[in-house]
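Participant: Quick mapping for you: the protein sequence lines, in order, are chains A and B.
The first sequence runs contiguously to residue 465 in UniProt numbering.
The second sequence runs contiguously to residue 465 in UniProt numbering.
It is worth saying that the hints were derived from the structure and are not from the lab.
Be aware that a few hints might be false.
[Stated by the list, open to error] Residues from chain A shown here face chain B by an in silico Cβ test under 10 Å; the list is partial:
#	residue
1	Q176
2	Y179
3	V370
[Unchecked claim] Pairwise CB distance ranges, derived in the manner of DEER restraints:
#	chain 1	residue 1	chain 2	residue 2	range
4	A	C40	B	D207	58 to 68 Å
5	B	Q351	A	S86	39 to 49 Å
6	A	L392	B	D207	21 to 31 Å
7	B	I315	A	I343	20 to 30 Å
8	A	S56	B	E393	39 to 49 Å
9	B	I343	A	F154	38 to 48 Å
10	A	L159	B	V339	39 to 49 Å
11	A	L51	B	D199	54 to 64 Å
[What the hints assert, rightly or not] Chain B stretches covered by chain A per the calculated footprint, using a threshold of three residues with CB under 8 Å from any CB of chain A:
#	segment
12	76-85
13	196-202
14	207-215
15	239-252
16	301-308
17	340-352
18	380-392
Source: prediction; values computed, not measured.
The beta carbon of each residue, even a glycine, is placed where N, CA and C say it ideally should be.
Number of protein chains: 2
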Amino acid sequence: MNGNDRRTLHSSVFRVLVAIVNLLKNKMSPPQLIMIIFFCLIWIGALFLSLPYSSSNGESIGLLNALFTATSAICVNGLVVVDTGSVFSTFGQVVIMIMIQVGGLGFMTLGVMVAILLGKKIGLKQRLVIQQATHSTSAQGLVKLSIYMVLIAFAFEMLAILLLTVRWHSEMGWGQAAYYALFHSVSAFNNAGFALWSDSLSSFVGDPIVNMTIVALFIIGGLGYIVVVDLFRKRSWRKLSLHSKVVLLGSGILYVAGFLLLFLLESWNPATFGDLNIGERLWAALFQGSTPRSSGFNTIDIGSMLTTSQFLLIILMFIGAASGGTGGGIKINTFVVLVLATINTFRGGSQIHAFKRKIGVDTVMRALAVVMSSLAVVLLVALLLTLSEGMLEDHFLEVLFEATSAFSTTGLSMGLTSELSPLGKIIVTVTMFVGRLGPLTLAFALAQKKHTSKIGYAEDHVLIG
Amino acid sequence: MNGNDRRTLHSSVFRVLVAIVNLLKNKMSPPQLIMIIFFCLIWIGALFLSLPYSSSNGESIGLLNALFTATSAICVNGLVVVDTGSVFSTFGQVVIMIMIQVGGLGFMTLGVMVAILLGKKIGLKQRLVIQQATHSTSAQGLVKLSIYMVLIAFAFEMLAILLLTVRWHSEMGWGQAAYYALFHSVSAFNNAGFALWSDSLSSFVGDPIVNMTIVALFIIGGLGYIVVVDLFRKRSWRKLSLHSKVVLLGSGILYVAGFLLLFLLESWNPATFGDLNIGERLWAALFQGSTPRSSGFNTIDIGSMLTTSQFLLIILMFIGAASGGTGGGIKINTFVVLVLATINTFRGGSQIHAFKRKIGVDTVMRALAVVMSSLAVVLLVALLLTLSEGMLEDHFLEVLFEATSAFSTTGLSMGLTSELSPLGKIIVTVTMFVGRLGPLTLAFALAQKKHTSKIGYAEDHVLIG
Ligand SMILES: [K+]
Ligand SMILES: [K+]
Numbered sequence: 001m002n003g004n005d006r007r008t009l010h011s012s013v014f015r016v017l018v019a020i021v022n023l024l025k026n027k028m029s030p031p032q033l034i035m036i037i038f039f040c041l042i043w044i045g046a047l048f049l050s051l052p053y054s055s056s057n058g059e060s061i062g063l064l065n066a067l068f069t070a071t072s073a074i075c076v077n078g079l080v081v082v083d084t085g086s087v088f089s090t091f092g093q094v095v096i097m098i099m100i101q102v103g104g105l106g107f108m109t110l111g112v113m114v115a116i117l118l119g120k121k122i123g124l125k126q127r128l129v130i131q132q133a134t135h136s137t138s139a140q141g142l143v144k145l146s147i148y149m150v151l152i153a154f155a156f157e158m159l160a161i162l163l164l165t166v167r168w169h170s171e172m173g174w175g176q177a178a179y180y181a182l183f184h185s186v187s188a189f190n191n192a193g194f195a196l197w198s199d200s201l202s203s204f205v206g207d208p209i210v211n212m213t214i215v216a217l218f219i220i221g222g223l224g225y226i227v228v229v230d231l232f233r234k235r236s237w238r239k240l241s242l243h244s245k246v247v248l249l250g251s252g253i254l255y256v257a258g259f260l261l262l263f264l265l266e267s268w269n270p271a272t273f274g275d276l277n278i279g280e281r282l283w284a285a286l287f288q289g290s291t292p293r294s295s296g297f298n299t300i301d302i303g304s305m306l307t308t309s310q311f312l313l314i315i316l317m318f319i320g321a322a323s324g325g326t327g328g329g330i331k332i333n334t335f336v337v338l339v340l341a342t343i344n345t346f347r348g349g350s351q352i353h354a355f356k357r358k359i360g361v362d363t364v365m366r367a368l369a370v371v372m373s374s375l376a377v378v379l380l381v382a383l384l385l386t387l388s389e390g391m392l393e394d395h396f397l398e399v400l401f402e403a404t405s406a407f408s409t410t411g412l413s414m415g416l417t418s419e420l421s422p423l424g425k426i427i428v429t430v431t432m433f434v435g436r437l438g439p440l441t442l443a444f445a446l447a448q449k450k451h452t453s454k455i456g457y458a459e460d461h462v463l464i465g
Numbered sequence: 001m002n003g004n005d006r007r008t009l010h011s012s013v014f015r016v017l018v019a020i021v022n023l024l025k026n027k028m029s030p031p032q033l034i035m036i037i038f039f040c041l042i043w044i045g046a047l048f049l050s051l052p053y054s055s056s057n058g059e060s061i062g063l064l065n066a067l068f069t070a071t072s073a074i075c076v077n078g079l080v081v082v083d084t085g086s087v088f089s090t091f092g093q094v095v096i097m098i099m100i101q102v103g104g105l106g107f108m109t110l111g112v113m114v115a116i117l118l119g120k121k122i123g124l125k126q127r128l129v130i131q132q133a134t135h136s137t138s139a140q141g142l143v144k145l146s147i148y149m150v151l152i153a154f155a156f157e158m159l160a161i162l163l164l165t166v167r168w169h170s171e172m173g174w175g176q177a178a179y180y181a182l183f184h185s186v187s188a189f190n191n192a193g194f195a196l197w198s199d200s201l202s203s204f205v206g207d208p209i210v211n212m213t214i215v216a217l218f219i220i221g222g223l224g225y226i227v228v229v230d231l232f233r234k235r236s237w238r239k240l241s242l243h244s245k246v247v248l249l250g251s252g253i254l255y256v257a258g259f260l261l262l263f264l265l266e267s268w269n270p271a272t273f274g275d276l277n278i279g280e281r282l283w284a285a286l287f288q289g290s291t292p293r294s295s296g297f298n299t300i301d302i303g304s305m306l307t308t309s310q311f312l313l314i315i316l317m318f319i320g321a322a323s324g325g326t327g328g329g330i331k332i333n334t335f336v337v338l339v340l341a342t343i344n345t346f347r348g349g350s351q352i353h354a355f356k357r358k359i360g361v362d363t364v365m366r367a368l369a370v371v372m373s374s375l376a377v378v379l380l381v382a383l384l385l386t387l388s389e390g391m392l393e394d395h396f397l398e399v400l401f402e403a404t405s406a407f408s409t410t411g412l413s414m415g416l417t418s419e420l421s422p423l424g425k426i427i428v429t430v431t432m433f434v435g436r437l438g439p440l441t442l443a444f445a446l447a448q449k450k451h452t453s454k455i456g457y458a459e460d461h462v463l464i465g
């Protein structure tokens, strides 16, 4: 191949790429594009993970397990059917780590950019929020901001890698420690919850450095793109956007509530807090109270917790983290809007407001659609799992926990994941995909045409409550 | 006492009554009045039931059990801590039956009348719906309509009593049969679910007469005041009010879905359908698929059903029956409005409509408040019951079932009710009370003043989903 040939090839490759982008831009809405990119990335990851070279024993883990793991990694979920640390080779683990970074940080920035730059249907309002939070109005400005976000993320990840390497080097040597630090930092910032220890981070239940580093990473990742950039730019509560204030207040309340409730409840449970001293108990409650915000790591065994605590985790997982972050669930901001709307109705108020700003009716309607469809998905998945996992056996709480964890991309499990039937694995895989995209994105991606009725009907009444 | 004295006494009694009514009218809102009347009736009933004379063995069942039973009867719930047929004397059973009729039919008519006649806060919209459904605009007209409703109810109850007496006389003689027919007809029409057999109606799992009579009664009672009167007056689908159409369509879908799903699911379950022939299975599925619409009777053992079916019953119980009827839950009409609003958002539509009528935003907001607060109550009660009923034991599904059944006034149980701890009994009693009044009535009853902010805030945006 001479220089001329090469130039011709480069030129044709470039033309093909431009053609694909234009095709995508014209033929697809942003939600469709996001869905298809996720779908393709998952299959590419699954093919890599099913290679014999990805397994530590040189035997392929099989396509279903590979597909499950790839979906879990790309969707930053963290549910695992095979133990990440022992079953995968270093190559397999690195593939998982890359998928986590692409699926988490990559989509946090690229996904938002795609939605904004190509945004027609759902883009407008999101664009407004982001522009307000970032004082940026041009497409160029938004690209710059995404790079800003990536740099912030890398800075946090580097700092965490440094701290964890130092913490772990005495136990496993510098090289191994650096690798473990890298893997768990990426997994934590992206709220993926993949760990190289089979009991997650249980060995470090009372370890201040591991606890603080990991918790800080997954909290920042869970706050999301807009809030983090907003915080870095404004550095003043008063100047923050309404979205940031809502997310920060909601998260704060849930973190404190999760910590206090788990500490009070598990103190009665000999199976979890029995062998721990008071310091370890406080760390464990702090860690386990924050982890339902989609992180998915655990320092105490979820299956041994009190039924009450497990149920509490289900509720917290369902609420999840903030929009535009690496976490899932219906989102804290959605939840806060719903609670504000409910309080407003009970008080007989006429406008839903927070921080001296009015929240529009269409925002509440979106929140309503999200919570109703999310509930429907979780309940349907739980119903299907009670059938697929032996319908004459009673393990309802495990099944409800698994369904919520899969949907909210949390990745905690009471132990059902490793025992799933093939059908159960497929159900959970689909749920992880649906949960990461979210019901709104999925609905907009699958919708045919706008069915806006042009007839203005007369208003009529229905009794409520 | 001579004639003059008597006249003076009558006159003073009348003056006192007028004074009380005026006091109530001026000092209390309709929701407060309803709450206080319920509260008083429950305590009066509890005192009667705690009399030794109410027990078949002449020993008082104790105040807590009496309070539980009275709440269950007045709130037409049907959960029982002692067996109605064997523990109570005929006197006790008649007291329960009167409480059911007062709490069900009495409140269906009187409660709506109180809300309409004294209605200020929540009355306006309800009044509109009822006036539309009944073509009545005056207070007098509404009183007349309530009497109309009572007559319809009595007619149905009489017919049912006749049918059931004939059905049962060969087994127990005419007198006993008439008494059993009376008790179960009242219990069925009012969706109370109290039965004189300890296994509810399980002996009649394949009996066409018992199945049809009881199902017809609880379906009519569950449709509610407005729909039944509307149907009797208009006798044409096209002329029905929007509320009636929504209730009838929603109920129809839920009845068919409940029947089909239970038939398909329980056919796999040897513990329930094992000994039944195809006819009995069809009746059982029909009966058990309708009974979560708050009726609370059962012809197959709920505790032996598949986990999937039990979970399905929980969802159906939570949705419940129609507003203004003898059933509970968030109400079918509320559910339909929420589903319509969700579909509208997904389609990018601009108005929520059904049957060529627009449904207003404030109606959707009320529905949202009802579902959010109802979810909160059920989840909180389930959490508390996991603690009160031995927190180291795993009986989560039983507990969630019990909480939903108590809140939705359904009264089905997987078997936990009879094993409840004293604290558990108190929790369930309060839940039955809260569930029958409904979150909206309770919130309006407990609200201090209207906190309507007069400041018009500028609209701002929050990301959703
Ligand atoms: K996760
Ligand atoms: K009932």
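Participant: Would you mind marking each hint as holding or not holding in the structure?
Facilitator: Hints and how they fare:
1. Contact between Q176(A) and chain B, as hinted, is not supported at the beta carbon level, the nearest pair being about 39 Å apart and thus beyond 10 Å.
2. Nearest Cβ of chain B to the Cβ of Y179(A): about 36 Å, over the 10 Å cut. The hint is violated.
3. Look at V370(A): its Cβ gets to within about 4 Å of chain B, closer than 10 Å, so that hint holds up.
4. For C40(A) and D207(B), the Cβ-Cβ distance of about 59 Å falls inside the hinted range of 58 to 68 Å, so the restraint holds.
5. Between Q351(B) and S86(A) the CB atoms are about 57 Å apart, so this pair departs from the stated range of 39 to 49 Å.
6. The hinted range of 21 to 31 Å is satisfied by L392(A) and D207(B), whose Cβ atoms lie roughly 28 Å apart.
7. A hinted range of 20 to 30 Å for the beta carbons of I315(B) and I343(A) is consistent with their spacing of about 26 Å.
8. Restraint check, S56(A) to E393(B): a C-beta distance of roughly 40 Å satisfies the suggested window 39 to 49 Å.
9. At roughly 42 Å, the beta carbons of I343(B) and F154(A) sit within the given window of 38 to 48 Å.
10. A beta carbon spacing of about 48 Å between L159(A) and V339(B) agrees with the range 39 to 49 Å that was offered as a hint.
11. Range check, L51(A) to D199(B): about 60 Å between beta-carbon atoms, so the 54 to 64 Å window is met.
12. Counting residues of the segment 76-85 of chain B whose beta-carbon sits less than 8 Å from any beta-carbon of chain A gives 0, not enough to reach three: the coverage restraint is violated.
13. Here's how the segment 196-202 of chain B fares: 0 of its residues keep a CB closer than 8 Å to some CB of chain A, so the rule of at least three is not met and the hint is violated.
14. Check on the segment 207-215 of chain B: 0 of its residues sit with their Cβ under 8 Å from a Cβ of chain A, so the three-residue criterion for coverage is violated.
15. Against chain A, the segment 239-252 of chain B contributes 4 residues with a C-beta closer than 8 Å to a partner C-beta. That satisfies the three-residue criterion, and the hint holds.
16. Counting residues of the segment 301-308 of chain B whose CB lies closer than 8 Å to any CB of chain A gives 3, so the stated coverage by that chain holds, three being the minimum.
17. Counting residues of the segment 340-352 of chain B whose CB lies closer than 8 Å to any CB of chain A gives 10, so the stated coverage by that chain holds, three being the minimum.
18. By the rule of at least three residues with a Cβ nearer than 8 Å to a Cβ of chain A, the coverage given for the segment 380-392 of chain B holds, with 6 such residues.
Checked against the numbered hints above, the structure violates hints 1, 2, 5, 12, 13, 14; every other hint is satisfied.
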